[in-house]
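Same order as they appear, the protein sequences are chains A and B.
Per the numbering used here, the first sequence starts with residue 59, numbered consecutively.
Per the numbering used here, the second sequence starts with residue 307, numbered consecutively.
Hints were generated in silico from the structure; no laboratory data involved.
A couple of the hints might just be wrong.
[As the list claims (entries may be wrong)] Restricting the straight-line Cα-Cα distance to at most 16 Å, the calculated cross-link-like pairs of lysine to aspartate or glutamate (EDC-like) are:
(1) B:350 - B:320
(2) A:126 - A:152
(3) B:350 - B:330
(4) B:350 - A:117
(5) A:129 - A:89
(6) B:347 - A:59
[Unchecked claim] One side only, chain A facing chain B, incomplete, derived with CB under 10 Å:
(7) 78
(8) 128
(9) 162
Using N, Cα and C, we set each Cβ at its ideal position, and we do this for glycine too.
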Amino acid sequence: DQQVKQNSPSLSVQEGRISILNCDYTNSMFDYFLWYKKYPAEGPTFLISISSIKDKNEDGRFTVFLNKSAKHLSLHIVPSQPGDSAVYFCAAVDRGSTLGRLYFGRGTQLTVWP
Amino acid sequence: EAGVTQFPSHSVIEKGQTVTLRCDPISGHDNLYWYRRVMGKEIKFLLHFVKESKQDESGMPNNRFLAERTGGTYSTLKVQPAELEDSGVYFCASSPLGLYGYTFGSGTRLTVV
Chain A
59 DQQVKQNSPS LSVQEGRISI LNCDYTNSMF DYFLWYKKYP AEGPTFLISI
109 SSIKDKNEDG RFTVFLNKSA KHLSLHIVPS QPGDSAVYFC AAVDRGSTLG
159 RLYFGRGTQL TVWP
Chain B
307 EAGVTQFPSH SVIEKGQTVT LRCDPISGHD NLYWYRRVMG KEIKFLLHFV
357 KESKQDESGM PNNRFLAERT GGTYSTLKVQ PAELEDSGVY FCASSPLGLY
407 GYTFGSGTRL TVV
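Excised from the complex, chain B in its bound form:
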């Protein structure tokens, strides 16, 4: 079974630019989550999809962040325009409905300079 796949693994962009992160969850997993870890801090929730619907986006920092999940399959997280404080590792995770032991992807390390 393929795991959760994230693209790109690293991204370095200048402040003010736009970046789009992609996540391909495990096939058949209805739950898809985005989390972020700023260096040395806790892994923080950003948002949760159930299939193509946003179940909870209360963790999104501000309206510069936009997440979509096309047809209940892959998801994208766009940051526009990027700010320095957006730097961190963005993790995507997926799980079947009702299961909390998510499978995480390897993350996208975003550096805004």
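Next comes chain A alone, as it looks inside the complex:
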């Protein structure tokens, strides 16, 4: 049973415009959320995170928004660049658990075209 869902397997955006990647979760115990970016033949790379006590976290071109009541988060990339083309994974963790495991979604393939 998937606890983190990314319902869009792919997204195509023109360079310079905004990319919005979405993620939903079902476990109300999750209190920390992360986004990872993955290029082919490489491991996922940590991009940005947000604690459940916040509703927004920004780092340069990347902003993550969290809507706890809807159990939904999104990653905004603006402006999008061709180098942003990759698979983006949403992940969640219950920090109250000592186990520390991350629960991942299936990923969204972002393609940014010139």
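Given chain A, work out where chain B should sit, using these hints.
Just chain B, lined up with the frame of chain A:
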């Protein structure tokens, strides 16, 4: 700083054979994780070491999988005997205690034929 290193990068084995994957975490990282991604699906947790101790192995699919972490340094994941459904990319990740933004290795792509 060297990253997380995994060997081999690819492995093709026949059903019933044994394969051992190795992971060298970032020096000083006490947390070491193994995850697996079957094509097109989510990255799924397998197990978690803190130093040399297994903290959580609830994600291990069955007893054909055996993980060890020698002296709290490198880790191995052995699959014996391998089955077709074991095919996928096996990722290792490490982090300091208390940090969730792990550093992942490039993965080992295992194909069982």
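Find the hints from earlier in the document that the structure breaks and name them by number, from lowest to highest. Those not satisfied are hints 1, 3, 4, 7 and 8.
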